[in-house]
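Novice: The primary structure of each chain is shown beneath.
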Amino acid sequence: MDHEKKNAPLKTAGFLDNRCTRRSFLKGVSIAAAAGSASLVTGGCGSVASSEEAKLKWQEFFKKNYRLMTQEEKDATVTRLERLSKLQRGLDIQMSNQEPHNNVLFGYAFNITRCKGYMDCVEACVQENNLDRQSKTQYIRLFELDPGQLDPTSGDGKYFHEVPVKDKFYMGVQCYHCENAPCIKACPTKATWREPDGIVVVDYDWCIGCRYCLAACPYWGRRFNWGNPVVPKEEINTKQHYLGNRMRWKGVMEKCTFCVQRTRQGKLPACADACPTGSRVFGNLLDPDSEIRFVLKNKKVFRFKEELNTDPKFWYFMD
Amino acid sequence: MRILTSRFGFLFLLPAAVFLACQPAMAGHGSVLERIHAAEQPFDKLQIGSAYQLPVNTVLAKETYQGGVFRVLGRKHAISRYRCSVCHTKQTPQVRDGALITHGYVNIRHGEGENALACIECHNRQDRDFLIDMEGQKIDFDHSYKLCGQCHFRPKRDWLGGAHGKRVTYWAGERVVMNCTSCHDPHSPAFKTKMPETYSLPLD
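So the protein sequences, as listed, match chains A and B. If you're matching positions, the first sequence starts at 561 in my numbering and goes up one per residue. If you're matching positions, the second sequence starts at 828 in my numbering and goes up one per residue.
In case anyone wonders, no lab produced these hints; they're calculated from the structure. A few of these clues could be false.
[Claimed, not checked] Label-pair distances were calculated between CB atoms; the ranges are: (1) A:P748 - B:S858: 24 to 32 Å; (2) A:F622 - B:F1018: 50 to 58 Å; (3) A:P707 - B:A905: 30 to 38 Å; (4) B:S907 - A:S714: 41 to 49 Å; (5) B:V913 - A:R643: 51 to 59 Å.
Even for Gly, the Cβ is constructed at its ideal location relative to N, Cα and C.
Please work from the sequences and hints to get the whole structure.
Specialist: Here is the structure:
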């Protein structure tokens, strides 16, 4: 008797916890529907593979926002996406959902004295992040500027001639991963947010393509997929991250993620790794011994449009 | 009324002033700079397990970086004819070997006018397997930064700290940086002009 009494409140609590939410109800219904339709289709002319694809697509469609997922759900969606890539493209990919590391805040510094405008960074970024080759989407844009200018809008962003040109300097512009980012505030579906290690990311599955963030960003840091991105199969980078360089599709927003798939593994972003002049310094802002902290402490630094109070984690410096 | 506004007009500015004064304070809550200033503990380099020592030829630098040690890319393995003393012996070279053993391919464009450098200003005349600095100290090819730093002391100071040069592949893990000669040809150290790797489309 006593034993039962003790258990009674626990039972109700458990019942409350297991209350069927709208989302989980829909998910259950959808899976059941998918299974039902799949069984019908397999009875007819469909193959087993297509029913598996349909089932995975259903489950993908009704998943949560990435930030609300438990670790198991994150692992499940990554497994589903890997399988879907195999089914749809015939491509084996490794997708990661690596969480941010403790005590890490990524920061970037760009040496405007050293940059020669070779654009190796731009090319490396395109290759690394599976950017659309058809529309020639690029996260980085290099501007050729006259001395004394510090506003890229006064420079030439589409140069194609032998570089460096005498008496010109080069300034790279990309997403600055603002601590106080206007794009995050503008998003109506909370599809974009700042991770604890400072990277501003997009959950492409929750992006509705309204492009408010594009309008809100004062740095032209975001790119929109006007069509389905075209990447030759042999050029697809198979080392992907859920919040990073996995394949996007028509109607979603994308942006520089500081190469989240690389930097959370301890690597430099592709642009910094590719730079032949060493103009790009990347590191952990919370580590007093890091290179980026040396730059901030010892060099002349400035942030672009600092007066907007966006608090970007991207500094320009000069020798 | 006019006197009132002229005398106490500044009072209307007061709320605005208070608002402006508060704004940075509000934005400053948890701002990047505040977080940076608050972070004094060095980051555990080995915390990120996937950042490992590269399987490349590196040597322990004979310098310190923020009180700690670091590694630089080696140079000797990249010199195709090293060791130099294989050819540079006491024996008189044969004239017929001349085309093979001279260094005609080396084009020195280091320093201008009166300051142009000659071979022996860096290469050790006595021991060809080493370089030599202005004080007559032997310097290993792998540690050429000690030689370069004699004149280029400011880039060297920046290189030691991390503002010049670059790390190899990893921002975490053990610090491995490129050597001076990894990027600069010691005989002609200035970067060349070339066509860019790609191009960007116009903005509109």
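Novice: State for each hint whether it applies.
Specialist: Results for each hint:
no., hint, in the structure
1, A:P748 - B:S858: 24 to 32 Å, "26 Å, holds"
2, A:F622 - B:F1018: 50 to 58 Å, "54 Å, holds"
3, A:P707 - B:A905: 30 to 38 Å, "36 Å, holds"
4, B:S907 - A:S714: 41 to 49 Å, "47 Å, holds"
5, B:V913 - A:R643: 51 to 59 Å, "58 Å, holds"
Violated hints are absent here; each numbered hint is respected by the structure.
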